[in-house]
Amino acid sequence: MTRFARAAHTSHSLSVAAMEEASRSGLRTADIEHLLLALIINDQSAGRMLRGAGLDIDAARRAVEDQHAAHLAELGIEASFPGAGQIVFPQTEGYEWSTRASDLLIRASGRGKSGDAAAVLRELLVEPSGLIDGILARIGTSAQALLEQLDELGADDTTTPLTAVKRHGRAAGSIETFVSAPVGDVGAFLIDPARIPDWHPGVGSLELGEQEVAVGEVWEGLAPTQRLNGDPLTRKPELRRRRITLESAHLPDSVAWSFAYPDAPKNSPVLMEFTLAGTTGGTQVHTTMSWARRGGWRGIVALPMRPLQKFMLWIMLAQTSAAISRSFR
Numbered sequence: 001m002t003r004f005a006r007a008a009h010t011s012h013s014l015s016v017a018a019m020e021e022a023s024r025s026g027l028r029t030a031d032i033e034h035l036l037l038a039l040i041i042n043d044q045s046a047g048r049m050l051r052g053a054g055l056d057i058d059a060a061r062r063a064v065e066d067q068h069a070a071h072l073a074e075l076g077i078e079a080s081f082p083g084a085g086q087i088v089f090p091q092t093e094g095y096e097w098s099t100r101a102s103d104l105l106i107r108a109s110g111r112g113k114s115g116d117a118a119a120v121l122r123e124l125l126v127e128p129s130g131l132i133d134g135i136l137a138r139i140g141t142s143a144q145a146l147l148e149q150l151d152e153l154g155a156d157d158t159t160t161p162l163t164a165v166k167r168h169g170r171a172a173g174s175i176e177t178f179v180s181a182p183v184g185d186v187g188a189f190l191i192d193p194a195r196i197p198d199w200h201p202g203v204g205s206l207e208l209g210e211q212e213v214a215v216g217e218v219w220e221g222l223a224p225t226q227r228l229n230g231d232p233l234t235r236k237p238e239l240r241r242r243r244i245t246l247e248s249a250h251l252p253d254s255v256a257w258s259f260a261y262p263d264a265p266k267n268s269p270v271l272m273e274f275t276l277a278g279t280t281g282g283t284q285v286h287t288t289m290s291w292a293r294r295g296g297w298r299g300i301v302a303l304p305m306r307p308l309q310k311f312m313l314w315i316m317l318a319q320t321s322a323a324i325s326r327s328f329r
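In my numbering, the protein residues as written are 1 to 329.
Please keep in mind that the hints were generated in silico from the structure rather than gathered at the bench.
Don't take every hint at face value.
Cut-off 25 Å, straight-line C-alpha distance, at most; resulting in silico cross-link-like pairs (DMTMM-like, lysine to aspartate or glutamate) [unchecked claim]:
1) Lys-236 x Asp-198
2) Lys-113 x Glu-123
3) Lys-113 x Asp-133
4) Lys-113 x Asp-151
5) Lys-113 x Glu-176
Label-pair distances were calculated between CB atoms; the ranges are [claimed, not checked]:
6) Asp-263 x His-12: 28 to 38 Å
7) Thr-280 x Arg-138: 19 to 29 Å
8) Pro-128 x Asn-267: 52 to 62 Å
9) Gln-149 x Glu-220: 48 to 58 Å
10) Arg-62 x Gly-204: 33 to 43 Å
11) Leu-208 x Ser-327: 16 to 26 Å
12) Thr-29 x Pro-128: 14 to 24 Å
13) Ser-327 x Thr-280: 14 to 24 Å
14) Ile-77 x Gly-230: 34 to 44 Å
15) Ser-327 x Ser-248: 15 to 25 Å
16) Ala-137 x Gly-94: 17 to 27 Å
17) Glu-96 x Leu-208: 22 to 32 Å
Just so we're clear, the structure is a prediction, and the values are computed from it rather than from any experiment.
Backbone N, C-alpha and C define an ideal beta-carbon position, used for all residues, glycine too.
Modelling step: build the complete structure from the supplied sequences, incorporating the hints.
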């Protein structure tokens, strides 16, 4: 992955996570404290370093709330805030970065800098306002201690968030995601057909029958009728139904589902494979998405469309991985 692509992916993933965190408190502007929270759950080496240093999302959230309350008390302001609620970022609009957070992200990808999560964290740890220092002190660490650990990481992060997977006759790609929950909980979530609409953007509802959850069992799903923000969503009639099959299950290590269009048999079924591994603070989820390429002259005609296919593949994988992570926060 090129430096530009890595910086773009880092900016996107951190923006989504930070704005999700801001939405818990009813805010529409994500600031540097939300950027810190986003870094803690990031799947690059900087996120792993933070979690290895003992920072977890729940403790960091409490530290952010306590730091804001202490700051108001210092100003002589007595105020009580409602507790943070659920993440509502996907269902709401109008989010943006604060000026200082936006400037920080720009500096992290400036001349001579990599733009990866480690570069963003380095800029955050030297941010002069004192907010991050105060938050870290409440967690039991300091910016200096984390900078020293960051120096030990050495070279720029070589993590490739989206990987092209070579499978004969199939378009395929994979993505890595950190989920702040135990492997067993994540596996139980991914194998539960009732939870598929929570992570698959193309499934709005599922008809749950009496069958047990077993390999080879089939469920019928329906495409969403509205976007997450409530706007109506229209689809071709033949793309409204989904046939969903549990292809394999080896908990707590892996789960695979296939998604087909029973009313559009020429459309190749999409295979979604999840591989889980325990890591510090939670679970690393490796998601692979693939489908059969068209053969013959149709495959030749489709060649110019492959860059667009790759882009759509990345969008689907990014949406799926973000939804899985969000479900445990």
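Taking the hints in turn, this is what the structure says about them:
Taking the CA atoms of Lys-236 and Asp-198, the gap is near 22 Å; set against the 25 Å cutoff, the hint holds. Taking the CA atoms of Lys-113 and Glu-123, the gap is near 10 Å; set against the 25 Å cutoff, the hint holds. A threshold of 25 Å between alpha carbons decides the hint, and for Lys-113 with Asp-133 the separation of about 23 Å falls inside it, so the pair holds. Taking the CA atoms of Lys-113 and Asp-151, the gap is near 14 Å; set against the 25 Å cutoff, the hint holds.
Proximity of Lys-113 to Glu-176 is assessed by CA-CA distance (about 23 Å); at most 25 Å being required, the pair is judged to hold. Look at Asp-263 against His-12: about 34 Å separates their beta carbons, and that is inside 28 to 38 Å. For the pair Thr-280 and Arg-138, the beta carbons lie near 20 Å from each other, so the given range of 19 to 29 Å is met. Separation of Pro-128 from Asn-267 is about 54 Å and conforms to the stated range, judged on CB atoms against 52 to 62 Å.
At about 50 Å, the CB distance of Gln-149 to Glu-220 agrees with the hint of 48 to 58 Å. Here the CB-CB span from Arg-62 to Gly-204 is close to 35 Å, well matched to the stated 33 to 43 Å. Between Leu-208 and Ser-327, the C-beta spacing of about 18 Å keeps the proposed range 16 to 26 Å intact. Take Thr-29 and Pro-128: their Cβ atoms lie about 20 Å apart, and the range 14 to 24 Å holds.
Checked against the hint of 14 to 24 Å, the pair Ser-327 and Thr-280 passes, with Cβ atoms roughly 20 Å apart. Distance hint for Ile-77 and Gly-230: a CB-CB separation of about 36 Å, consistent with the stated range 34 to 44 Å. Roughly 21 Å separates the CB atoms of Ser-327 and Ser-248, a value that falls within the hinted 15 to 25 Å. In this structure the hint that Ala-137 and Gly-94 lie 17 to 27 Å apart at CB is violated, the actual value being about 33 Å.
Between Glu-96 and Leu-208 the Cβ separation comes to about 39 Å, which falls outside the hinted range of 22 to 32 Å.
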